[in-house]
Amino acid sequence: MGKKNKQKQNQDSDNKQNQPQEKPRQQAPERKQKEQSGDAGNAKQDGQRGQQPSGGGKKDEGKKQSRDGGQQRPPQGQIQQSGGNTRGGNEGRSGQSQQQQQSRQEGAWGGQPKQQQQQSGGGQQGQQRQQPGSQGAGRSSQQQQPARQEGAWGGQPKQQQQQSGGGQQGQQRQQPGSQGAGMSSQQQQPGGGRQYGQQGGGGQQDGQQRSWGGHKGQQKQQTGSQGAGWSNQQQQPGGGRQYGQQGGGGQRDGQQRSWGGHQGQQKQQPGSQGAGRSSQQQQSEFGGQQQPPPKQGGGWEQRQEAGGGQRGQARGGDRRGPQQPYSQEGPQRGQSGQQQFASGQQRPPQQQQQQRPPQQQQQQQRPGFPAGDVESAPAFNTVSCAGVQRGTLGKKGICEVNYLRMNIDKMSDTAYHYDVTITPDRPKKFLRPVFDQCQRQYFSDYVMAFDGSKSCYSVKRLPQKSFDYEVEVPDSGGRTKSFKIQIKETDIPEVDLASLRSYHNDRVFDKPMRALQALEVVLASNNHALGIRVGRSFYRKPAEFYDLGDGYEMYTGIYQAAILGEVPLLNVDISHKSFPKTQSLIQYLKECGIDTNRTIEDYRMKKTILQFLKGIDIVYAPPASFGALPKKKKVFDIGDAPAKTFFTLDDGTKMNVKDYFQSKGCILQYPYLNCITSGSTTKKIALPMEFCSVAEDQVLNRKDGNMQVSKMIKYSATSTNERKNKIMNLMAHFRHNENLTIRSFGIQLGSNFIKVHFRLLPPPELEYCGGKTARPRDGAWQLADVKFLDTSKVNQGHKWAIVYENKGRPINAHSLEDFKRAVQRTAEQVDVRLAQEGEIRGFQNIDWVLQDLAKEGYALVIVVLPNYGTSYSSVKQNAELKVGILTQCIKERTVLRAPKDASVIHNLMLKINAKLNGTNHKVSEEEEAGLKKLLEPISNVMFMGADVTHPSPDQRHIPSVVGVAASHDAYGACYNMQYRLQKSTVEEIEDMKSITEYHLNVYKSYQNRYPGHIIYYRDGVSDGQFPKIKKDELGGIRRACAQAGCKPKITCLIVVKRHHTRFFPLRQSQGFRDFNNVEPGTVVDQYIVHPNEKQFFLVSHKAVQGTAKPTRYNVIEDDANFSIDLLQKLSYNLCHMFPRCNRAVSYPAPAYLAHLVAFRGRVYLEGTMRFGNLKDEYKKRSIQSVLMKRNPMYFV
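Heads up: the sequence shown begins at 76 in my numbering, then just goes up one per residue.
Please keep in mind that the hints were generated in silico from the structure rather than gathered at the bench. These figures come from a predicted structure and were not determined experimentally. Heads up, a few of these hints could be off.
Claimed, not checked - Below are the DSBU-like pairs computed for lysine-lysine, each with C-alpha atoms no more than 30 Å apart in a straight line:
1) Lys-1254 to Lys-1068
2) Lys-882 to Lys-733
3) Lys-656 to Lys-586
4) Lys-652 to Lys-729
5) Lys-586 to Lys-559
6) Lys-652 to Lys-707
7) Lys-616 to Lys-689
8) Lys-665 to Lys-586
9) Lys-1068 to Lys-975
10) Lys-778 to Lys-563
11) Lys-758 to Lys-559
12) Lys-729 to Lys-882
13) Lys-895 to Lys-504
14) Lys-729 to Lys-504
15) Lys-707 to Lys-733
16) Lys-485 to Lys-556
17) Lys-733 to Lys-709
18) Lys-1254 to Lys-986
19) Lys-778 to Lys-874
20) Lys-682 to Lys-862
21) Lys-997 to Lys-895
22) Lys-778 to Lys-1132
23) Lys-556 to Lys-504
24) Lys-586 to Lys-556
25) Lys-975 to Lys-930
26) Lys-1264 to Lys-1124
27) Lys-485 to Lys-504
28) Lys-975 to Lys-1177
29) Lys-707 to Lys-529
30) Lys-733 to Lys-503
31) Lys-1105 to Lys-1058
32) Lys-1250 to Lys-1106
33) Lys-1264 to Lys-1122
Go ahead and model the full structure; you've got the sequences and the hints to work with.
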């Protein structure tokens, strides 16, 4: 079922979005304050902007634009700072900060170029180039001819952004003002200057701007309009600056400033005629359609500013406030002045957006991605581009999926792979700084992506096959450490990146792995400086601290993985992980409720503390009188109090830790608190806890405790809308498109989720006793006065008992009587045949009471588990491995509330009936002719499910457990099981032949024939292991069938839940408990699946909390050649056949039951610390054959 993520609202960003829009003049101080908090340079700019006189005493920089790509040139004495900040040497002219320039975005109109907004921000210096012939020609330096960059989608020219953070520069184009008062469109200006390059009189020029990364773009400014100051970027009547400061009666038309070099797109429309009204508007794009320009007399559907000093802010970025309802038909018009996003969503008001923290700003659209291409769903195809049939059953719709387009058209066909050897290779935190230092010193002309360990990839081939260097890097104490680094060509250095454009006819397990690995290293190279890597995720400490208890806190991160769909895509998602909290050990002990003024002597408490401290880095900061720097240490053990811990000095004298510190001028504050033992195995050191703290940002491969898991789910389970916002905020933090390495490899990411077609499958009708049926609604169905389809018939009823632990503080006898009556009453209602009187018996020893009851012929024992005492594992081990009796466990606190809650007893009956060989329900035969015909081939089928559960990384000594379940009835409702133990490193099932032999014999004993079809659902296998599963597991099944003398047709579907694909409906959340998921039955097999595979995503369940995780199915074998519609519908039907609840579950019953089998095998291992030969260990844990034969479904 997957634990659903639950997330607390991020008040820093999301909660502030609901605040009303304030008047613009009230916003200005707040805006200044925000910018001051982020960047001193920005603060200075705003100060200058505030000092700009507005009465016309100084000429407006808007008029004196260099027309250099649509940019205003800096005043004399003004230089562009490295953060993109401008400081004016001339006080009167320095108001034009950060080249704030409105550029018009082009939609998909007639393949016009796309515009991006020049952005300022963190850490990049942009240089303005000025063409000759403009006013003040003496300021022109190093002119550069415009170079147009071609985008890749649809062959249309794309404009690049001027990026400030990563050195990318964009192209801007200024479109003509609306015609009137001497304005001319796209033609030579009055004054005779040529439009591009040269300017005379009132003409303009086409220049170019360049930034650190050396990336060039084109900026074109088109015709301004003539007449009293009427130009898109020109002084308004009143003489104030147009951008940021406006003179009397004119309008302040501001522009978003990005903090981290992030940028959005802006479209500037011509000013409408009328004193001082220059309208800065953002056009709405939807599905490639661009709205017409505004009418001259005022705003058209969009926000148009008018008069009176209002400032309109057009913000780029995908930063949504409370989202407006999605639209599938087209833009919604005229909604309270808010502008729409390209996706059909409305842009939040400016005040809401200003409230967001700077790192959450996100680009709306990046270069190379026309709005139409990014935002509209690709066409619905019944056949993939590689000729694989896709499904057609169900009602069609469109949703978003958390994939970004990946433009690799400019990516070179080859990259070069090098082995990197760094010595010493410990500590690992130095490997990346060493490589970076080496690249800066010796390979400054080469762009290389390093994986942080052993490999790097270069766009250009290095001049030699091998290089050996020595580099020095500083450590945390300021000292330099020396490392040797060797960079050497691999045996086959060329990596065929072109294969990422031609994989469509390969199989998914033959996908171009080397090229994909190179791509992943390149895309990850951006993130190392901004996050802590764990697997494919990069974590950072969230702005808001979230405590997970027991010394841990939660970090959030971005997950990213390249996906080969119909085109290459990047899957992005939010991930969560626990990290040890950075705090002093004294603080940690206090949180654990330990008295720090006493010695810890309790064994359990010591063990708990040691479990936390062992394996993590602690920082020992000696007292100031020692004159030593802090050092990182590992904890081996918890020792004694300082006064009782002795060691020998160099001169041979013995001294305790307390006296030693006192002799150095330091009196311990906690003299009775235990020391921790550190150092090495040969030389141990005792350190007082008061000088130790937990080091920050440590990655641990530990299994989280129940409390951590519970709190993490509570935090991370959010609606799809909130999840999308969080992902977009993380993308804004990581800013891939600004990264020099990613750009140099020719990769560009889209800025918004793509849209895909889905189909909604009809749910099956479920049949109960007497032909009564129930139709699931929203993934669940209600039962009233309905009996189970089939219950095992026993003359006097099944003999049953309730047992409870009769020591300590046993459960109240009256509560047990109430519980017994409730069980009897419900059993009668659903036709489960239990004997009239059930015995209640207390026990001291679970083993003895089970043996006694088995001898007396009891068929079922309900065991009440105390809050403290007998455990679930001890009950199951005794009942199933030793005695051979059927048990049903229930917690004491559940027994107490059961008589008042009918659903508890009803759910208990679902399990008891299945265990007693009953059938709760079946999928009714379809009445609709088309569906009936579709499912006709499904007869004489044995459904099999298999799963392998592995121990966590810190428990590798424990074996993996194989669980296999197979049906033995006509409906796929009754199952039998087999489990095995195997090495923890092995993924495929080694003993498949003998397992299948057992299942075939059970099927024949019930059906009097062998199956004609075996449909095998295999859980938890990655793409690369498909061939191994076909060879080993399907080979084992075929050998078992051949040995039994039957030849069924085998169909194998791999069921994958470990992925990060999520679907996002195009609608709004309806309230706090509405997680806004797609409906159960949603299937997607378009565009995002591999074109040469029978593959589909299916959301079969209603998520109880958080965002629903779809299940991915890969058909890797299909002897029967079933249609894809049949397999999708059959899989969806089987999700309704799980016997333990009246809900559709997230994956088919055979696979789910196999998971329960593997879990039961894991229960049999509990309490064992050391394992010998696994075959012997399995024999010791053989299930009693009498139980397996009498109650094959005992494991549910």
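Do the hints match the structure? See the list:
Note on Lys-1254 and Lys-1068: the hinted pairing holds, with a Cα-Cα distance of about 18 Å set against a maximum of 30 Å. A threshold of 30 Å between alpha carbons decides the hint, and for Lys-882 with Lys-733 the separation of about 47 Å lies outside it, so the pair is violated. A C-alpha spacing of about 41 Å is found between Lys-656 and Lys-586, which places the hinted pair above 30 Å, so the restraint is violated. Taking the CA atoms of Lys-652 and Lys-729, the gap is about 46 Å. The hint is violated against a cut of 30 Å.
About 36 Å separates the Cα atoms of Lys-586 and Lys-559, which puts this hinted pair outside 30 Å; it is violated. The hinted pair formed by Lys-652 and Lys-707 meets the criterion: a straight-line CA distance of about 23 Å does not exceed 30 Å. A C-alpha spacing of about 23 Å is found between Lys-616 and Lys-689, which places the hinted pair at or below 30 Å, so the restraint holds. Among the hinted pairs, Lys-665 with Lys-586 is inconsistent with the structure: their alpha-carbon atoms are about 53 Å apart, more than 30 Å.
About 49 Å separates the Cα atoms of Lys-1068 and Lys-975, which puts this hinted pair outside 30 Å; it is violated. Distance check on the hinted pair: Lys-778 and Lys-563 sit about 38 Å apart at the alpha-carbon level, beyond 30 Å; violated. The suggested pairing of Lys-758 with Lys-559 holds, with an alpha-carbon distance near 29 Å, which does not exceed 30 Å. Straight-line distance between C-alpha atoms of Lys-729 and Lys-882 comes to about 52 Å, which puts the hinted pair past the 30 Å bound.
For the hint linking Lys-895 to Lys-504, the alpha-carbon distance of about 61 Å lies beyond 30 Å, and the restraint is violated. Annotation: proposed proximity of Lys-729 to Lys-504 is violated, straight-line Cα distance about 38 Å (limit 30 Å). Restraint check for Lys-707 and Lys-733: the C-alpha separation of about 22 Å stays at or below 30 Å, so the hint holds. Between the alpha carbons of Lys-485 and Lys-556 the distance comes to roughly 40 Å, so the proposed pair goes past 30 Å and is violated.
Annotation: proposed proximity of Lys-733 to Lys-709 holds, straight-line Cα distance about 21 Å (limit 30 Å). The hinted pair formed by Lys-1254 and Lys-986 meets the criterion: a straight-line CA distance of about 28 Å does not exceed 30 Å. Between Lys-778 and Lys-874 the CA atoms are separated by roughly 42 Å; this puts the pair beyond 30 Å, and the hint is violated. Proximity of Lys-682 to Lys-862 is assessed by CA-CA distance (about 52 Å); at most 30 Å being required, the pair is judged violated.
This hinted pair checks out: Lys-997 and Lys-895 have alpha carbons roughly 29 Å apart, not beyond 30 Å. Annotation: proposed proximity of Lys-778 to Lys-1132 holds, straight-line Cα distance about 19 Å (limit 30 Å). Proximity of Lys-556 to Lys-504 is assessed by CA-CA distance (about 12 Å); at most 30 Å being required, the pair is judged to hold. For the proposed pair Lys-586 and Lys-556, the alpha carbon gap of about 41 Å is over 30 Å, so the pair is violated.
At most 30 Å may separate the alpha-carbon atoms for a hinted pair to count; Lys-975 and Lys-930 exceed this at roughly 34 Å. The hinted pair formed by Lys-1264 and Lys-1124 meets the criterion: a straight-line CA distance of about 27 Å does not exceed 30 Å. For the given pair, Lys-485 sits about 33 Å from Lys-504 by alpha-carbon distance, which is inconsistent with the 30 Å threshold. Straight-line distance between C-alpha atoms of Lys-975 and Lys-1177 comes to about 26 Å, which keeps the hinted pair within the 30 Å bound.
For the hint linking Lys-707 to Lys-529, the alpha-carbon distance of about 25 Å falls within 30 Å, and the restraint holds. With a C-alpha separation of about 35 Å, the suggested pairing of Lys-733 with Lys-503 is violated against the 30 Å cut-off. Restraint check for Lys-1105 and Lys-1058: the C-alpha separation of about 20 Å stays at or below 30 Å, so the hint holds. For the proposed pair Lys-1250 and Lys-1106, the alpha carbon gap of about 23 Å is at most 30 Å, so the pair holds.
In summary, the hint linking Lys-1264 to Lys-1122 is supported, as the alpha carbons are separated by about 25 Å, within the 30 Å threshold.
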